[in-house]
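There are 2 protein chains.
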Amino acid sequence: MALIVQKYGGSSVADASSIKRVAKRVAEAKRAGHDVVVVVSAMGDTTDELIDLARQVTPLPPQREMDILLTAGERISMSLLAMAIHNLGVDAKSFTGQQAGVITDESYGKARIIDVTPSRIRDTVARGSVAIVAGFQGVNPSTNDVTTLGRGGSDTTAVALAASLKADVCEIYTDVDGVFTADPRIVPTARKLDRVSYDEMLELAASGAKVLVLRCVEYARRYGVPIHVRSSFTTHTGTFVTDQPAAEGEIVEQPIIAGVAHDRSEAKITVVGVPDVPGKAARIFEVVASAGVNIDMIVQNVSVAATGLTDISFTLPATDGAAATAALSEHQPDIGFASLQYDDTIGKLSLIGAGMRSHPGVSARLFAALSDAGVNIEMISTSEIRISVVTRADSLDEAVRAVHTAFDLDSTEDEAVVYGGTGR
Amino acid sequence: MALIVQKYGGSSVADASSIKRVAKRVAEAKRAGHDVVVVVSAMGDTTDELIDLARQVTPLPPQREMDILLTAGERISMSLLAMAIHNLGVDAKSFTGQQAGVITDESYGKARIIDVTPSRIRDTVARGSVAIVAGFQGVNPSTNDVTTLGRGGSDTTAVALAASLKADVCEIYTDVDGVFTADPRIVPTARKLDRVSYDEMLELAASGAKVLVLRCVEYARRYGVPIHVRSSFTTHTGTFVTDQPAAEGEIVEQPIIAGVAHDRSEAKITVVGVPDVPGKAARIFEVVASAGVNIDMIVQNVSVAATGLTDISFTLPATDGAAATAALSEHQPDIGFASLQYDDTIGKLSLIGAGMRSHPGVSARLFAALSDAGVNIEMISTSEIRISVVTRADSLDEAVRAVHTAFDLDSTEDEAVVYGGTGR
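As you go down the protein sequences, you meet chains A and B in turn.
Sequential numbering from 1 applies to the first sequence in UniProt numbering.
Sequential numbering from 1 applies to the second sequence in UniProt numbering.
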């Protein structure tokens, strides 16, 4: 018997029949003898519909009221799920973020969890009931007002509750079978990973893999919460995100590479003709940071001695492109650069694997694979367990497939049968 | 400068444009120098849609979860209204029933307010903001779970808040211009009443007038809260429900009759052949009460001496008809009656007026009017300020019109212009 935290996203509870399906799954876990806490998102498109309603009323909704509005979504899904579980003969009670003790800071719309005091959840579980908790929300303790956690908030709620309750596992249910070696829509031969480390999952999430958000993985790593990413449509075992030693009998050899991630959401700004004197690069990134923009990769070209000028390129979220170029243009006189180039037709490929630490030649093999595929590399950055390259956006898919094959990540027919058939 | 509690129902906030219209009205009251607290219902059909969702999930939803579900509706409308008011440059904050200090008993789905501690509302108003409060909901203090107040709950929330805040007036906004001498859909010449006493309003509400629910009027009378029933579509003065002395210059003569109410929602049960011995009537009404059914009018026929048997008829909500007949049938052996007759094709007409206390001949005039109109009277009951008669359902409209005319309640063309034109 274990204590399991299960999290179901909006697509898993999109309508009454989906909710009944999830209820069946929860009831089965309970009947199997486990204690079960369920974190649930708003149904399907509810959140988008509420945002749309707010926009019809005002272009600039106060964020406190926006959070009150949006949290209506989980209120609906959590009570319906509790009813559906109750209908199967298993007692279930639903709780808001506040009732579940999810305490956050005061940043409405993007609040951070600062404490979890789930005494009502513990009591509910101790009495043999299933506790349903609204994801994505908490309470600002100084005002007792509701807050929302922003993007990926429900996953973070689940991991935070699992940490506080010392749950045996946090199951994140989604519409895919787990974490894959690449996006199966681009690489049909991508394989589901049985296990991935926190560090690898962090790099994958930061490099464009959408299955888990970064902050949820950070939280899980900090508190050592084992995450099981799995499909809400099948009973197959998914992917375990954990640093725990493998169970007896499991294959323990660390593969060199966990997977290939890609990201189309970035743009590149090149600051042309920067005087190559100390402090200019620092000034550029100060200006960008003060506009609230996070940058990703940076490349400074070798200075042309004759002119004493250099070019600096960096990547950033394309959604921040306007803010960054405006800030830089405003400061063109004092920085003294010649011009700005903006390019949002780039793609980023990242190769991630904890094993590459001890395996030389990974970069060489990556560059060779891209070269063989005719893909030009525009920028490069590396970490201990990641190599990222920027390419043209229209060659990104081809690049991902080539690299996936070059590192022997493609599944064979036999493996595919094993994954699809037995669940492991 | 006054403290005004305004209540807007679901039809007044049915969509974004309605919400913006209400916001304009609230902002105008605020800009006129008043302190404003707004109680709001769920948007349009939201509550029905949520009930429908619950039914898709389970035929028997646990009431605690049902209340959590339904209170999502006011959460949406209150935050949208706060946003819309904010958009007009007036600060506004929304509060749940719990945050507004609406404390109830534990009867989920039909909770009664046991206390109101609106310190956050007072603080918000003191800081110059408009406070928006979710109607229809409160908190069960022993569990901190949300409760709903049942039918007419938002009106009751408004009156309870007004009482606790010692508001100068509680404005109930609705889709009609006020309280009328009769339902204008049946009596086109019905007049809007400028003023009606709590007692009269109680009798009107109990007799089928739908503009205010009984419990809200009871609450207002107990705490002396002046209610102003008015249209959310016009700025006309509506109807004041109050026992306060009329302001100087007002016409103070008490009219004999306030209005004619009608009710089509009742049914009649006749218990035929009841042994005319002491205790039999008591037993019948014990059985009906133990089935949870409230009865309205009772008539016991004169006993036929030869048989020692009598008939007892009573009226009850038609929705309780099945429960009452089942309970009586079950106890037929011990009560010893011959048979039951059930009739749901009845109508009830009630003539209400505090002035009838001191005016003899009101009954005679009523019966004459009905007789002249060819309407047969099946049952009669009276209170100090009300006479009710049961008729055939299909002669009810004709009866209402005849009585309205007989008591000189019909408006003249001139009066209609005054009401429609100047607002008073």
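FYI, nobody ran anything at the bench for these hints, they're computed from the structure.
The structure displayed is predicted, hence computed values, not measured ones.
Hints may contain errors.
Simulated restraints on C-beta separations [claimed, not checked]:
1) S339/B / Q56/A: 27 to 35 Å
2) T143/B / A282/A: 54 to 62 Å
3) A322/B / A126/A: 35 to 43 Å
4) A126/A / T345/B: 33 to 41 Å
5) R127/A / I380/B: 33 to 41 Å
6) Q56/A / T345/B: 56 to 64 Å
7) Q56/A / S363/B: 37 to 45 Å
8) R127/A / E286/B: 53 to 61 Å
9) D175/B / S107/A: 51 to 59 Å
10) G150/A / S11/B: 49 to 57 Å
11) S11/B / R127/A: 50 to 58 Å
12) Q56/A / F367/B: 55 to 63 Å
13) S107/A / K110/B: 54 to 62 Å
14) A338/A / A14/B: 35 to 43 Å
Just so it is clear, CB atoms sit at the ideal spot from N, CA and C, and this is done for glycine as well.
Results of checking the hints against the structure:
no. : hint                        : verdict
1   : S339/B / Q56/A: 27 to 35 Å  : violated, 60 Å
2   : T143/B / A282/A: 54 to 62 Å : holds, 57 Å
3   : A322/B / A126/A: 35 to 43 Å : holds, 42 Å
4   : A126/A / T345/B: 33 to 41 Å : violated, 56 Å
5   : R127/A / I380/B: 33 to 41 Å : violated, 56 Å
6   : Q56/A / T345/B: 56 to 64 Å  : violated, 46 Å
7   : Q56/A / S363/B: 37 to 45 Å  : violated, 56 Å
8   : R127/A / E286/B: 53 to 61 Å : violated, 38 Å
9   : D175/B / S107/A: 51 to 59 Å : violated, 41 Å
10  : G150/A / S11/B: 49 to 57 Å  : violated, 35 Å
11  : S11/B / R127/A: 50 to 58 Å  : violated, 42 Å
12  : Q56/A / F367/B: 55 to 63 Å  : holds, 56 Å
13  : S107/A / K110/B: 54 to 62 Å : violated, 39 Å
14  : A338/A / A14/B: 35 to 43 Å  : violated, 58 Å
Of the hints listed earlier, those the structure fails to meet are numbers 1, 4, 5, 6, 7, 8, 9, 10, 11, 13, 14, in rising order.
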